[in-house]
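For the sequence shown, our numbering gives the first residue as 1, with consecutive numbering after it.
Calculated directly from the structure, the hints in this document are not laboratory data.
Among the hints, a few may not be true.
[Unchecked claim] Pair ranges (Cβ atoms, derived):
| # | residue 1 | residue 2 | range |
| --- | --- | --- | --- |
| 1 | R124 | Q14 | 26 to 32 Å |
| 2 | A39 | S12 | 14 to 20 Å |
| 3 | N113 | D164 | 31 to 37 Å |
| 4 | E187 | T20 | 19 to 25 Å |
| 5 | A57 | G13 | 35 to 41 Å |
| 6 | G134 | L190 | 26 to 32 Å |
| 7 | L56 | R25 | 20 to 26 Å |
| 8 | I35 | A7 | 16 to 22 Å |
| 9 | R124 | D42 | 15 to 21 Å |
For each residue, glycine too, the CB sits at the ideal point set by N, CA and C.
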Amino acid sequence: IARATAAALNKSGQVRALLTRNDDRFIPLGGRVAIARRADADLFISIHADSAPNLLARGASVYTLSETASDAVAARLAARENQADIIAGVNLGVEAPGVGDIMIDLARRDTLNQSAVFAETLQRALEPRIGFRGEFHHFAGFYVLKAPDVPSVLLETGYVSNVDDARLLFSAYGQAAIAQGIAAAVESFLR
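Please put together the full structure from these sequences, using the hints given.
Structure below.
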């Protein structure tokens, strides 16, 4: 979905899309944010597919940054995603304790507002293509959303543990539809 989104954006010529990776190698969460900041990105989208023990859980959701999660599901998801660096051997708690929080507090207000506007734009563009899980916009403390100067969202495209969502997510049609929706939202937002 990410590759199809980048291809659609680059083909239109209105936006230059850059992927944090083109293969299945691991990049620490901070490295993903650093790539966006080095590229002087106008927008950062982290694209995922979720899973849940409850096989009936389904639907997409969009997350923007908040240190306080909007609900229990958002809190659990952020905690799980933020553990990715620890699993890869990097403990974020010792990289620069406190500095990140101070920078976020000083520089993040406008970026948070822009992130929320993009989340709404993304929801409008994707709604006809995929269903959303309850309220489309959720809040959580995802590490990849913490760049103080890059509007950022984390998009959960659906649940691979749900038969109907998985059918859409693994189909060429579903991937193309989601990618086209994301690309349309990006172009609209950046205009």
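| task | Starting from the hint 26 to 32 Å, judge whether the C-beta atoms of R124 and Q14 obey it. | result | violated (18 Å)
| A39 versus S12 beta-carbon gap, inside 14 to 20 Å or not | holds (18 Å)
| message | I want to verify a distance hint. Is the separation of the beta carbons of I35 and A7 within 16 to 22 Å? | response | This hint holds: roughly 18 Å between Cβ atoms.
| task | Evaluate the given range 35 to 41 Å for the C-beta pair formed by A57 and G13. | result | holds (38 Å)
| Using the C-beta atoms of E187 and T20, is the stated range 19 to 25 Å upheld? | The hint (19 to 25 Å, Cβ to Cβ) holds, given that E187 and T20 are roughly 20 Å apart.
| Holds or violated: 20 to 26 Å for the Cβ distance of L56 and R25? | Cβ of L56 to Cβ of R25: about 33 Å, so the range 20 to 26 Å is violated.
| For the pair G134 and L190, does the Cβ-Cβ distance stay inside 26 to 32 Å? | 28 Å Cβ-Cβ, so the 26 to 32 Å window holds.
| Is 31 to 37 Å right for how far apart the beta carbons of N113 and D164 are? | Once the Cβ atoms are compared, 34 Å apart, the range 31 to 37 Å for D164 and N113 holds.
| field | Assessment of proposed distance window 15 to 21 Å (beta carbons of R124, D42) | value | This hint holds: roughly 19 Å between Cβ atoms.
Of the hints listed earlier, those the structure fails to meet are numbers 1, 7, in rising order.
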